[in-house]
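Work out the full structure: start from the sequences and follow the hints.
Number of protein chains: 4
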Amino acid sequence: MLNLGTFGILGGDRRQISLIEGLAQDGLNVYVTGFENANFSDSVTKASIEETIENSKYIVFPLPATKDSSTLYAPFSKNKIFLDDKIANNLSNKKIFCGISRSLTKTSKNFKKLQIFDYAKREEFAIRNAIPTAEGALEIAMREYLGTINGSRCLIAGFGRVGKALSMVLWGMRANVVVSARKPEDIAHIKSQNYTAILTSEIKKTTGYDIIFNTIPHVIFDAHTLAKCAQNSIIIDLASYPGGVDFEAASRLKIKSIHALSLPGKIAPKTAGAIIKSTIYDIINEEAINE
Amino acid sequence: MLNLGTFGILGGDRRQISLIEGLAQDGLNVYVTGFENANFSDSVTKASIEETIENSKYIVFPLPATKDSSTLYAPFSKNKIFLDDKIANNLSNKKIFCGISRSLTKTSKNFKKLQIFDYAKREEFAIRNAIPTAEGALEIAMREYLGTINGSRCLIAGFGRVGKALSMVLWGMRANVVVSARKPEDIAHIKSQNYTAILTSEIKKTTGYDIIFNTIPHVIFDAHTLAKCAQNSIIIDLASYPGGVDFEAASRLKIKSIHALSLPGKIAPKTAGAIIKSTIYDIINEEAINE
Amino acid sequence: MLNLGTFGILGGDRRQISLIEGLAQDGLNVYVTGFENANFSDSVTKASIEETIENSKYIVFPLPATKDSSTLYAPFSKNKIFLDDKIANNLSNKKIFCGISRSLTKTSKNFKKLQIFDYAKREEFAIRNAIPTAEGALEIAMREYLGTINGSRCLIAGFGRVGKALSMVLWGMRANVVVSARKPEDIAHIKSQNYTAILTSEIKKTTGYDIIFNTIPHVIFDAHTLAKCAQNSIIIDLASYPGGVDFEAASRLKIKSIHALSLPGKIAPKTAGAIIKSTIYDIINEEAINE
Amino acid sequence: MLNLGTFGILGGDRRQISLIEGLAQDGLNVYVTGFENANFSDSVTKASIEETIENSKYIVFPLPATKDSSTLYAPFSKNKIFLDDKIANNLSNKKIFCGISRSLTKTSKNFKKLQIFDYAKREEFAIRNAIPTAEGALEIAMREYLGTINGSRCLIAGFGRVGKALSMVLWGMRANVVVSARKPEDIAHIKSQNYTAILTSEIKKTTGYDIIFNTIPHVIFDAHTLAKCAQNSIIIDLASYPGGVDFEAASRLKIKSIHALSLPGKIAPKTAGAIIKSTIYDIINEEAINE
Chain A
42 MLNLGTFGIL GGDRRQISLI EGLAQDGLNV YVTGFENANF SDSVTKASIE ETIENSKYIV
102 FPLPATKDSS TLYAPFSKNK IFLDDKIANN LSNKKIFCGI SRSLTKTSKN FKKLQIFDYA
162 KREEFAIRNA IPTAEGALEI AMREYLGTIN GSRCLIAGFG RVGKALSMVL WGMRANVVVS
222 ARKPEDIAHI KSQNYTAILT SEIKKTTGYD IIFNTIPHVI FDAHTLAKCA QNSIIIDLAS
282 YPGGVDFEAA SRLKIKSIHA LSLPGKIAPK TAGAIIKSTI YDIINEEAIN E
Chain B
42 MLNLGTFGIL GGDRRQISLI EGLAQDGLNV YVTGFENANF SDSVTKASIE ETIENSKYIV
102 FPLPATKDSS TLYAPFSKNK IFLDDKIANN LSNKKIFCGI SRSLTKTSKN FKKLQIFDYA
162 KREEFAIRNA IPTAEGALEI AMREYLGTIN GSRCLIAGFG RVGKALSMVL WGMRANVVVS
222 ARKPEDIAHI KSQNYTAILT SEIKKTTGYD IIFNTIPHVI FDAHTLAKCA QNSIIIDLAS
282 YPGGVDFEAA SRLKIKSIHA LSLPGKIAPK TAGAIIKSTI YDIINEEAIN E
Chain C
42 MLNLGTFGIL GGDRRQISLI EGLAQDGLNV YVTGFENANF SDSVTKASIE ETIENSKYIV
102 FPLPATKDSS TLYAPFSKNK IFLDDKIANN LSNKKIFCGI SRSLTKTSKN FKKLQIFDYA
162 KREEFAIRNA IPTAEGALEI AMREYLGTIN GSRCLIAGFG RVGKALSMVL WGMRANVVVS
222 ARKPEDIAHI KSQNYTAILT SEIKKTTGYD IIFNTIPHVI FDAHTLAKCA QNSIIIDLAS
282 YPGGVDFEAA SRLKIKSIHA LSLPGKIAPK TAGAIIKSTI YDIINEEAIN E
Chain D
42 MLNLGTFGIL GGDRRQISLI EGLAQDGLNV YVTGFENANF SDSVTKASIE ETIENSKYIV
102 FPLPATKDSS TLYAPFSKNK IFLDDKIANN LSNKKIFCGI SRSLTKTSKN FKKLQIFDYA
162 KREEFAIRNA IPTAEGALEI AMREYLGTIN GSRCLIAGFG RVGKALSMVL WGMRANVVVS
222 ARKPEDIAHI KSQNYTAILT SEIKKTTGYD IIFNTIPHVI FDAHTLAKCA QNSIIIDLAS
282 YPGGVDFEAA SRLKIKSIHA LSLPGKIAPK TAGAIIKSTI YDIINEEAIN E
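Chains as they are written, first to last, in the numbering used here: chain A, 42 to 332; chain B, 42 to 332; chain C, 42 to 332; chain D, 42 to 332.
Accuracy of the hints is not assured; some may be wrong.
One copy or two, it doesn't matter: identical chains are merged, so the pair holds either way.
[Stated by the list, open to error] In silico SDA-like links for lysine to any residue, alpha-carbon gap of 25 angstroms or less: (1) K162 - L302; (2) K135 - R293; (3) K295 - E77; (4) K269 - A65; (5) K295 - P283; (6) K246 - A268; (7) K232 - G249; (8) K153 - K295; (9) K307 - D159; (10) K224 - Q234.
By construction, these hints were calculated from the structure, which means they are not laboratory data.
Set out below in structure tokens:
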């Protein structure tokens with residue numbers, strides 16, 4: 042572990058609470074702003090945004106930093122905390138970590154002048170979040186499907202990070218796993234784990250799925266495909282807005298479909314916070330090496 | 042498949058609906074009573090209890106047959122259906138399947154004269170239900186625990202059917218699995234799957250679990266043990282009433298504890314119905330062989 | 042760990058060498074006889090059979106104790122070591138552990154007067170040895186089969202201890218696993234792990250296996266069954282002599298068949314020795330409890 | 042499946058025999074040269090190299106095409122088959138598939154003028170071959186290690202294709218899996234499967250491995266590292282020549298080390314041939330799409 046300086050955590054939800062506890066457990070000093078309604082161990086100091094910034098070497102914004110382009114996203118705060126030019130100016134000379142950094146610049150253009158490390162853009166962040174995403178998808182499937190996952194027939198559309206994590210989880214649960222992909226190397230990869238591989242373009246020719254998980258961010262499951270292959274299925278769409286399912290057609294066809302987004306923060310905030318922490322550590326490590 | 046006669050299904054919940062659909066899909070004639078509020082495919086005939094009995098070779102009671110020692114357990118029925126001496130008399134010469142058959146005799150002593158096969162007492166019924174029980178326990182754990190199952194540290198107290206199924210499921214989810222047992226052969230079995238094995242009597246000397254699953258039907262987790270090893274854990278008790286956890290002590294110690302019973306019917310009625318069906322087929326097969 | 046006395050190890054192969062090293066690592070004094078051609082750590086004393094017996098509280102015979110009904114089975118010995126009335130008499134008042142204890146009584150009837158604990162008869166001994174047996178079977182399959190285990194179609198005849206261990210291993214290797222059994226509860230158990238279950242009596246109606254593992258100790262694979270279902274298979278028979286395969290018919294049909302016996306000692310003597318050690322500890326523990 | 046033309050297979054070992062049988066089973070006409078000592082089904086025609094080339098649309102060279110820069114690699118041939126300018130000229134207008142195509146140009150410069158598709162350079166070829174490589178490594182480990190893989194502590198150095206396949210296999214065998222990598226995203230990936238992750242640069246600080254698998258193609262296991270972390274280990278080096286192990290130092294330190302190369306063709310020629318076949322089909326598919 043590096044000998045790190047003080048961290049200042051500005052706002053955030055249960056993920057950020059997990060991050061704060063994690064930093065404190067690593068023996069670091071932590072200032073926090075926007076957490077009046079949360080409890081922490083002794084080494085964590087609640088403070089105003091100005092104090093937190095002044096006392097910290099590293100400043101961490103939540104994911105997202107703001108939901109209204111004006112105030113800090115801080116559901117555990119009693120009051121609104123405004124992000125403005127002055128706050129941005131105070132942050133010069135700080136190492137700043139942020140989830141979706143462009144959201145910050147909507148609050149003040151001065152954020153553009155700062156050196157901001159976007160932890161949500163890091164490859165390892167995405168890889169590790171694929172696990173809580175897959176577990177969240179499984180939890181939804183367990184809640185909605187009337188049979189057991191064991192022995193069920195599951196289709197996963199797409200073999201990116203989430204598709205890979207989901208196939209691992211479903212195989213571990215003893216489901217019968219079918220995965221679709223487009224590229225020959227992905228098809229090879231799917232087969233090399235002894236799952237059934239199909240071309241994404243041929244999903245519409247297949248049928249008999251109990252649960253369908255989509256991870257592809259454009260409409261794969263249009264009315265035609267739904268009518269062909271999903272009549273007796275539940276569909277869980279994990280692709281970001283607008284997703285890969287024609288939800289209106291699904292509703293018309295009486296196919297149960299769920300659009301499940303931002304699962305890590307919802308179903309496993311503790312793990313999601315630990316992932317933010319370790320990604321920030323990775324960035325600090327690299328910076329130290331490059332200095 | 043044997044060339045079977047008509048089945049009559051008397052009451053029951055979504056498990057029995059799954060059983061009815063399964064029998065119909067196997068090409069059998071099915072009469073049903075107590076399902077006014079349910080829909081079935083064409084080969085299923087809704088009828089009065091008298092008609093159903095008259096037309097059927099096999100009669101299936103639900104699990105449990107009655108909840109009030111007087112009327113049939115039939116949540117999908119519009120009206121109450123009374124079980125009495127006359128009904129019992131009508132059933133002579135029928136092959137009767139029932140879940141917990143002693144509940145029937147509370148409605149009429151005449152049931153004692155009948156040949157009733159208790160499917161819930163069969164070994165394969167218990168073995169197959171261990172899977173939906175384990176998945177139900179996992180679903181609760183996923184809902185309650187703030188981290189991912191992947192990488193979590195789980196204790197399973199007891200290595201009977203449910204303990205075995207649960208360890209399989211948790212290992213498949215990439216948890217770190219610790220299992221307790223009493224007998225050397227169970228300890229050997231646990232170790233042979235590369236789980237960590239501990240003696241049940243020594244649970245109180247261990248600590249650091251994220252999630253604890255109890256399957257032992259007497260109090261293992263008393264106040265002392267809870268205080269020692271479960272301070273930061275969630276406890277899910279799967280043992281039948283009164284269970285293996287001192288829930289009052291848990292509440293006092295602010296340890297989240299859940300008593301989860303009858304999971305198969307609740308979380309996977311479709312599978313639970315299929316299990317009833319295949320168990321009944323097993324009984325019929327054996328009877329045919331023995332005839 | 043109990044505060045144990047000195048162990049005397051009389052003969053044996055590499056399993057016993059592993060046992061000796063394990064006892065020494067546990068901090069115990071160990072006398073050994075019949076190991077002139079082996080090297081040990083300092084806390085192990087090589088001695089004559091008389092000395093070893095005199096100095097030890099516990100005496101361990103190998104598995105088997107004798108191969109010729111006269112001398113100790115001791116492949117690492119320079120000289121023959123005779124087992125006779127005098128040796129048997131010396132052993133009164135010792136706690137004696139032996140693998141197949143009836144083999145001892147062929148050397149001298151006096152052994153019948155002694156209290157001998159047969160570790161090979163213990164349930165946990167059999168359970169733990171199922172793992173090296175399964176791994177040995179896999180090793181043979183990998184050597185003989187020209188494809189990968191991943192994606193291959195494997196039949197396991199019988200779902201006892203070895204069948205269970207083997208199905209776990211093959212599933213972990215991503216094979217397609219078919220298991221046969223006779224009893225409904227075993228069929229239920231097989232299905233509950235999402236393997237394909239078939240009745241042992243119906244093996245002859247199936248076909249298309251790459252590798253067949255037999256664990257049933259009577260002839261399941263007769264000429265008729267071999268011709269039907271094993272034409273393009275390799276057969277590995279794990280059942281004790283005479284096994285479950287008509288080897289002559291297999292040879293006539295040009296089906297590659299291997300009778301693989303006593304695998305733990307052959308392929309994993311280190312593990313096999315550790316299993317003997319932990320089984321002896323279990324017996325001592327029980328005796329201590331019962332005293 | 043495309044409606045393909047005749048295939049001509051020029052030489053090769055058991056992998057190519059598996060390829061030939063696979064093509065024949067797919068209903069294709071196949072001419073073969075260099076297989077006098079092998080038997081095939083009826084739809085395969087043995088012919089001279091000139092005939093094979095003349096009759097075929099697709100020509101497949103083995104892996105490698107030549108071992109002596111002059112004759113075809115054809116261990117099943119009775120006679121030497123020379124590759125020269127004339128053969129190369131005959132091949133114009135043919136679609137040619139070859140394993141390591143630069144080896145061909147050593148026999149005649151005229152091969153440079155031809156359109157040769159190198160199947161061994163394809164990503165899916167490498168991905169699929171990682172499985173037989175991992176199984177081959179496991180087979181060696183099982184043969185050399187005196188314990189069971191179950192419960193053993195294994196280090197895999199490197200998390201490329203082979204490292205990934207090997208970790209999957211060892212985890213499936215219930216080993217304790219430690220994997221080393223250099224990049225944060227690989228470390229994240231390793232952890233996300235609940236293996237123990239270490240930095241490759243820190244291998245030398247760790248110890249206690251039963252089996253070490255190297256997949257990194259430069260010397261990671263120098264004398265210093267071997268002395269520190271491999272004293273009681275077996276080392277299997279899967280990296281291509283010169284590998285990642287200082288074998289001389291290992292020998293001096295009495296550490297058993299094995300350099301295992303070209304495993305797919307050696308341990309699973311049937312699968313290796315199927316991989317060549319499906320890779321060739323992929324190339325033909327792409328060409329057809331692009332035409």
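Checked hints:
1. K162 - L302: Within. Shortest intra-copy distance 17 angstroms satisfies the 25 angstroms Cα cut-off; inter-copy 38 angstroms does not.
2. K135 - R293: Close neither inside one copy (53 angstroms) nor across copies (45 angstroms); limit 25 angstroms.
3. K295 - E77: Between copies only: 22 angstroms across chains, 45 angstroms inside a chain, cut-off 25 angstroms.
4. K269 - A65: So K269 and A65 pass the 25 angstroms test across copies only (24 angstroms; inside, 53 angstroms).
5. K295 - P283: Answer is within; shortest intra-copy Cα gap is 20 angstroms, inter-copy 42 angstroms.
6. K246 - A268: within (11 angstroms within a copy, 37 angstroms between copies)
7. K232 - G249: both (20 angstroms within a copy, 19 angstroms between copies)
8. K153 - K295: neither (48 angstroms within a copy, 46 angstroms between copies)
9. K307 - D159: Only inside one copy: K307 and D159 sit 21 angstroms apart there, 44 angstroms across copies, limit 25 angstroms.
10. K224 - Q234: both (16 angstroms within a copy, 24 angstroms between copies)
In this structure, the hints that do not hold are numbers 2 and 8, in rising order.
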